[in-house]
Amino acid sequence: MKHIPIICTLLFGVAVLLFFGLAYPHHLHYQEQYQLFLFDSTYVWEIVKQPGGVADLLGRFCTQFYLFAWVGALIIALLLTAVQMLTFLALRQAQGPFAEGFYGLSFVPSFLLWFFLLDEHALLGGVWAVLITLLVLWPIIKMTKGWIRCTLLVVAILILYVLVGPVCFPIPVDSLWTGAHYYRYPRVFPWLLWAVALSIWVLVGIAFLIRRFPKHVSHLSPLASHLLTALVAVAMGTLVWKNSNFKAEKVMQYDFMATHQQWNRIIEAINKEKPNNQIGVTVQNLALAMHGVLLDQMFNYNQNGIAGLLPDVKEDATSPIPTAEAFYQLGMINVAQRTVFEAQEAILDFQKSGRCYKRLAQTNLINGQYEVARKYLSALQKTLFYRGWANETILLLGDEKAIAQHPEYGRLRQMAYQEEFYFSDHVTPEMLQSLYFSNTDNRLAYQYLVAYYLLTGDREGFNQFMSIKNEKDSI
Amino acid sequence: MDKKTMKRHISPYTLLLAAAVLLLSSCASHPDVPSSSKEAKCLPAIYPDYCDVTVPCNIAPLNFMLPADEYEACVARVTTPDGKQQIYGQGVKVQMPEQEWHDMLEASKGKSLKVEVWGKKDGEWLSFTPFEIRIAEEPIDDYLSYRLIEPSYVAWTFMEIAQRNLTTFEETQIFNNEITMNDRKIGQCINCHSYQNYKTDNMLFHVRLANSGTVIVNDGKVSRVNLKRDYTISSGVYPSWHPTAKLIAFSTDLTRQGFHTLNPNKIEVYDLASDLILYDVETDSVQVVSNDSTLLEVYPTWSPDGKYLYYCKSVPLPEEMHDKDIRTTYPKIQYNLYRRSFDVATHNFGDEELVYDAASQDKSATLPRISPDGHYLLFAQGQYGCFHIRHNDGDIVCMSLDQELPLTQAIDLTKANSEGRPDSYPSWSSNGHWIMVASRRDDGNFCRVYFSYFKNGKVEKAFMLPQEDPELNTFLLKSYNRPEFMVEPVKISVTEFSKVFDK
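Chains as they are written, first to last, in my numbering: chain C, 1 to 475; chain F, 1001 to 1503.
Don't take every hint at face value.
Label-pair distances were calculated between CB atoms; the ranges are [said to hold, decoys possible]:
| # | chain 1 | residue 1 | chain 2 | residue 2 | range |
| --- | --- | --- | --- | --- | --- |
| 1 | C | F385 | F | G1457 | 39 to 47 angstroms |
| 2 | F | I1186 | C | K472 | 40 to 48 angstroms |
| 3 | C | D399 | F | P1318 | 51 to 59 angstroms |
| 4 | C | K382 | F | D1292 | 49 to 57 angstroms |
| 5 | C | P186 | F | P1264 | 30 to 38 angstroms |
Hints listed in this document are in silico derivations from the structure and should not be mistaken for laboratory results. Where is the CB? At the ideal position from N, CA and C, for every residue including glycine.
Pulled out of the complex, with its shape left as it was, chain F reads as follows (with noise of 0.2 angstroms):
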C-alpha cells in the first residue's frame, strides 16, 4: 500500500473510530434515567455501601454498583444542593468521572448531594429510595500508604507498600519484596511502614529475612539499619515516630502463631515477650524503655505534644496458670493501656499511668491512637490477645481524654464499627476529623479500608476506601494491611530504597 493510499485510509478510519469512541463513551458515562420504574421501597443494595455517609469534601468518586448476579444494569442521578444533575450507570456498575465529580464535591461543601438508583431486574426497571451523600468540609489526608499482602498464615508470596491518593485513585508503588530479596528461598517481608507526623520527609519500614534491615528516611536522606542490639529481645518491631524529635519508639517483640481448628478466627498471634525500646536516629542509639520479663509491652505511640508514651501492657496471668504452655494461656493474655510522660530534652521517661483497664472488664487494648488536638483517644479492644486484626470480637474504642485516668467513658463508635467481624488498627487523620479502620466486615478474611467523619466525639457511618473500579474489592485477593495516613506522598523511588541494600 503506498503512502497516499495509505493516508486516504487512515485519515476517515481514525476520525470515525475517534468518533465512536467520544460518542460510546457519552453514551456510557451519562444515559437516560429509565422512562418508567416500579418503586422498590427500599435503599439500593449497592456495593460499596454508600448511603447516607459523611464524605471528604476532597474524596476520590465514590464508584458503586448493584449485585451483577441480581440485576442486568444500574443507573444513578446525582443531584447537587444548586439542582444540577448528572446522570452514571455503564452495565451495573456506577463510575464517575474525577472531574465532575470534584466539581460536585465542591458545590456541595458542608451539604448533601441526592442520590437515585435505578436497578434492572428481570427486564424491568426498580426505582430504589433515594439516599444522601453529605460533603463534610473538612478534608481527609491527600495520601493513604497500606501494604498489599494476602490474609496469610506463615509464608508470603509477593508484597507491597503502595500509596493511594485520596483524591483520586492514583496508586504507586513505595517498595516491594521482590526488588531486593537476594534469596527467594528464604523469602522477605516488607512492613510497619511509619511517617512523623504524616509527612514522608522522615519515615521508615523494615525489611525481614533475605536482605533485612530497617529503612529510615532521615530529612529525606536513606539509610538501612540494624536495631538489634545484645540487650534486646529482637529487632525494632512496631514503631512511633516522636512528632518533633528524631527519636522513634519502638516495640521489640517475639512473635509466634498458631491456628484454630474450629473457631472462625482461624490464625492466633501471639507475642512470647515484648519490650519498648526508644530508638536515636542521629546517633543511631537504642534505649531500652521498659522490659519488664513477666509482662508483655508492645504498640507504642506518642501524644501529638510527644510529652507522653502510651502503649501496651499485658496485665499477670493469674498464679495457676504461670506454668502453661501459651496455647493454654493466649486467651487470658490481657493488655491495658498505660503511658509516661517524656522529657524530650533529658530522654528520661516518667512513672508509668494507667490510662485504661481494659482487663477489669474483661477485655483487651491495643493500638492506642492519640487525636492530633489530643483530646481523643483510639484503640482496638477485644477479649483477649494483641491481635485484633484476627478477632471476630476486634472492635474499635475512641474515649475522650479530658476525664481522670483511668478512662472509663467511652464514644459510641456503633457507626464505625461492624458486627461480628474484625475491626482494628485505628488511625486519625492530621486534622483529627477523620477516623481509619482497617476491617475485615466485608467477608471476614479480606482487610478493606474504611474512613468515619468524626467531629466533636460524634461519629457519622463509616465507608470504604472508594475504587475506579467498584468491582476491584470483590476481586482483589489482598488485604489492606496497616493503613497509614500521609499528607504528602513518598518522594522516594522504589529504585532508590533498593540502593541502600546495595551497600
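With the rest of the complex left out, here is chain C (with noise of 0.2 angstroms):
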C-alpha cells in the first residue's frame, strides 16, 4: 500500500509519455519547427535577459528535441512528474504527516500542465516556470519557518520573477503575463498557465490551514485518498482528453510526412481516411503526383479547387508551408523560397525556424546564391540537430559539378524556369506552363498544369496548352 503514490506517479508518467508519443506527436514536431536554438551566445543573452528568460530558454532548449517525438514526450512526461512530485513534497511539508491521505491532489497542478500542453502554442517555458518555482519554493518552505520564510520567500519570488516570469507569483495582471513567453501568441493570456501556478498556491494553503484541524478532519483514510486519487485522474483525464485537438494532428502529420517527403505514407494515410482540409489536400495532391498518378487519381479523393492544388499564400506561419514543399519539388524555386520565407516571418513570436533556414539555404543554393545560403548554413551550423545536415552542405557551396550530380539539387536546377516571369500572389497556369516548357520532362508540372485546368474546368485554355505542346512535340 505505501508504495502506491510512487506507483501512481509513474503511470502517471508512462501516460503523458505515450499521450505525447502515440497520440500528439505531431504537435511536438509542430512546436519544434516553429523555432531555432542556437548555442550562441548572443542568442541565449537575448532570451535570459528577458522576465522569465531563463524558462524560457530551457523550455527552448528542450523544444528542439521535439524534432524526434519520443524524445520530447519522454521530456514532457519528466517534467510534468516532476511538477507533480514536488508540489507533493510542497504540500507534505505544509500539511505534516497526514498529506499522503491528499496525495491526488498533487496530481492537478501537472494535469493542467498537460491540459495546457494540448495546445500547439503553448511553450514549454512555461511548465519549466512551474517546476523552477517549485524547485525555489519548495526547500524554503522545508527549512525554515516564520517570519525567515516569509523574508525568504518574498526575495525568492523576486529573484523568481527574473527566471521564469510570473508564474512564480499568480497575480492575474495582464501586462505581466502577456509579456512573458509563455504563449505563441504575446497578447493572449495564458489562462491555463496561470491556473496551474495559482493550483499550487491554493494547494500548499490549503495544506497550511488543514495542519491546524483536527486529526479526524485533517486525516483521510486509506480508501478515501485512493478514491481522491482516483477522481483526480479519472476527472482530469477526462478533460485532458476530451480536449485534445486530434484534428489538428491530423494536418500536422501530413505536414510532417510532406516535410520529410514521404509520399508512399502520405498515400496510405490518404487511402485510410481522405483529408478534408486545405493542407492535406495540398500535401495529398502533391503526393499523388510525386507518385505520378495526380491526373489519374485525383478525383477519388477530396479536391478544394485551385486552393487544394497551390493555395495563395497567406499570412501565417503554417499554412504555406506544404504549398511551399510543392513550390520547391515543382521546380519554382523563387516561389518556394517567397513562400517559406514568407511563413517565417509570420511565426507570431518573432522565432525563426530550422526547417525554413534549411529550405531558405536549399532554395539559394539552387539559385546560386551561395553567400546567402552559407548565412542561413552557419546559422544551422550552431544548432544541435541541423549542425551535421549544415556542414555537409556548406561543402556544396560553388561547386557546380557537385550540385549537378546531386540528386535534389541537380534534378531541381533542370526543372527551374529557363524563362523570366513575374508573378504576384496568385499561381497561374501560364506560370505553370512557362515551367513545363522550360522543361518538357517536368512531369511534376505537367501533371500540376492539367491538374489546374482540371479543377477550374477551364477547356478553352487546356486546349491551347494542348495546341502549343503538341506543336513543340512535332518540331
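From the two separate chains plus the hints, produce the assembled complex.
Right, dumping it as C-alpha cells:
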C-alpha cells in the first residue's frame, strides 16, 4: 500500500509519455519547426535578459528535441512528473504527516499543465517556470519557519520573477503574463498556466490550513485517499482527452510527412482517411503527383479547387509551408523561397524556424546565391540537430559539379524556369506552362498544369496548352 | 562553510582569476608578430575590406578578420606616422580596443596608418602586402540610424529602428514594432525615420497597420498624427523635413510588389499611383504639391537652403502601353529628377524644372539628395523603376549642381559603387565629406552600410560600417534599411515613444 503513490506517479508519467508519443507526436514536430535554438551567446543572452528568460531558454532548449517525438514526449513526461512530485513534497511540508491522504491533489497542477500543452501554441517555458518555482519554494518551506520563511519567500519570488516570470506569483495582471514568453501569441493571457500556478499556491495554502484542523478532519482514510486520487485522475484525464485536438494532429501529420517527403506514407494515410482540409489536400495532391498519378487519381479524393493544389500564400506560419514544398518539388525555386520566407516571418513570437532556414539555404544554393545560402547554413551550424546537414551542405557551395550531380538539387536546377516570369500572389496556369516548357521532362509541372485546368474547368486554356504542346512536340 | 573559510578561499581565488583574465586579455590583444613567415605577395583577403580606404578621424575601430575556413590565425601590426606600433589578433579576428584605436587616429589625422597582416594557413604563417588606411581630417557625423529588418517580401517579423554611435560600437533602439503592436495577426510596420537637419529634436517615423500613425517629434515633444486626408491617395510615405521651417514634404504612394521567377532581382516594388504633399507640423494641415494622376511623383528632398524641392517624376509611357497591366509596363517606368522653387513665407511652389533627364538615357533616377553646401546632387540610378535597392544594376550617381540644367556631367563614383549588386539610398554627412549608401554588394541579399570619402568632387573607396565583431556582418540575417546620418542621438526612449499610442 505504501508504494501506491509512487506507482500512481509512474503511471501518470507513462500516460503522458504514451499520449505525446503515440497520440500527439506531430504537435511536438509542429512546435519544433517554429523555433531555432542556437548554441550562440548572443541568442542565449537575448532570451535570458527578458523576465522569465531562464524558463524560456530551458523550454526552447528542450523543444529542439521535439524533432524526435518520443524524446519530446519523454521530456514532457519527466517535467510533469517532477512538477507532481514537487507539489506533493510542498504539500507534505505544509500539511505534515497526513499529506499522504491528499496525494491525489498533487496531480492537479501537472494535469493542468498537460491540458495547457495540448495547445500547439503553448510553450514549454511555462512548464519550466512552474518547475523552477517549485524547486526554489519547496526547500524554503522545508527548511525555514516564521518570519525567515516569509522574508525568504519574498526574496525568492522577486528573483524568480526575473528567472521564470509571473508564474512564481500568480497575480492575474494582463501585462505581466502577456509580456512573458509562455505562449506563442504574445497578447494572449495564458489562463491555464495561470491556473496551474494558482492551484499550487491554493493547494499549499489549504494544506497549511488543514494542518490546524483536528486529526479526524485532516487525516483521510486510505480508501478515501485512493478514491480522491482516482477521482482526480478520471476527471482531469477526461478533461485532457476531451480537449485534445486530434483534428489538428492529423493536419500536422500531413505537414510532417510532406517535410520528410514520405510520399508512400502519405498515400497510405489518404487511403485510410481522405483529407478534407487545405493542408491535407495540398499534401495529398503533391504525393499523388510525386507518384505520377495525380491526373489519374485526383478525383478519387477530396479536392478543393486551386486552394487544394497550389493555394495562395496566406499570412500565417502554417498553411504556406506545405504549399512551399509543392513549389519546391515543382522547381519553382523563387516562389518556394518566397513562400517559406513569408511563413517564417509570420511566426507570431518572432522566432526563426530550423525547417525554414534549411529550405532557404537550399533554394539559395539551387539559385547559385551561395553567399546567402552560407549565411543560413552558418546559423544552422550552431544548432544541435541541423548541424550535420549544414556541414555537409556547406561543402556544396560553389561546387557546380557536385550540385549538378546531387539527386535533389541537380534535378531541381534542371527543372527550374528558363525564362523570366513575373508573378504576384496567385499561381496562374501561365506560370505552370512556362515551367513545363522550360523542361518538358518536368512531369510534376505537367500534372499540376493539367490538374489546374481540370479543377478550374478551363477547357479553352487546356486546349490552347495542348495545341502549343503538340506544336512543340512535332518540332 | 563559515565566513572565515569562505574569505580564505575567495580572496586568493579572486586574485588568481583577475590575474588570469588580465594576462589572457593582454595576450589576446597584443600578440607577437610571427618570427618567420612566407611572403604572400598580395593584399590580405580581409573582411570587411579595409585595404587602402580613407576613413574619418573619429570612426570606430576598423576590426576585421581573415576567412575562418581558410586561415587558423591572423595577426595585424598597425603603425602610426610617428612610428608607434600596436599588434592585434585573436584567432582569425583583429579587434582593436576603442581607446587605442582613437589614439592612433588622432596621431594619424591627415596621414595614414600602415597595416601589416599575417595569416596562418596549414600551420604556416603568410605575410601579406601591407596596406594603408588614410585618416581624413574631416570627421563623420557621430550617429547613424537605420531600420533593421529581414530582406522581406510581404510579411515581416520583428523590426527595429536603431541608432549607432559611429565613433564607438554602441547601438541602441529608437523604436521597435513589438511594444505598441496591439494585434500581432495584423502586424505592425515601422519605417521612414527622418530628421530635420541631422538633428533629432524634430524627427518622425511611421507606424503602419496595427496602432498606426506617424510619430512626429516637434521640438522634443512627441505626438502621433494621421496624415491621410480625403483628398490624398494615402497618408504620407517618403518624407523630407524642410531645413528651417516646420514643414515636411511627403510622397503619397499606392505601393505594390511583384516577384520574379528567374530574375535575381527577385522582388519588384512599384507604385500604382504617387503624389507629393506638404505637411505643416504646427497647423496639422496638408497641402497638395503635385498630383498628376497620369504620372508618378515620389522621393521629395529639400535643397539645404530650403528654396527648392527636388523630387522624382515618371515619364509618360508610350501610348501603346497605356492600357497594359503594370506587370507588363513595370520595366518601362522610368523617373527623371525635377525641382520646384519654394517660398517658405507663402508656401508657394514655382514652376517645375527638369534637373536630370534619366529617361533619355534609358535610365531611371530616384532618391535625390543635395550636398550640405548645395553644390552636388546624389541619386540612385537603375534601368527602370523606383526601388533600386532591389535592382542589381542600381548604382549611385553624383553630379555637380554648378552646371546648367538639366544636368549631364556625372562625377566618377566607381570607387563607391559595387559591380552588379544593388547600391541605393545615398546620403551626405552633415559636413558633406562622407557619402553613405545602402548596398547589397556583399551577397546580393542583405543590405549593409558603406561610406566613401568625398572631397572636391573626388570619391575614395567605400568601406563598410565597422562592427565590434567583424563576423557580425556575416551572421546578421537582417538588412540595414534607410541609413540616415544624425549629429546627435535620439534622446526619447522607446517607452516614451510608445506612450503616444496610449492616447
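These are the hints, each one checked on the structure:
no.	hint	in the structure
1	C:F385 to F:G1457: 39 to 47 angstroms	violated, 56 angstroms
2	F:I1186 to C:K472: 40 to 48 angstroms	holds, 47 angstroms
3	C:D399 to F:P1318: 51 to 59 angstroms	violated, 46 angstroms
4	C:K382 to F:D1292: 49 to 57 angstroms	holds, 53 angstroms
5	C:P186 to F:P1264: 30 to 38 angstroms	holds, 36 angstroms
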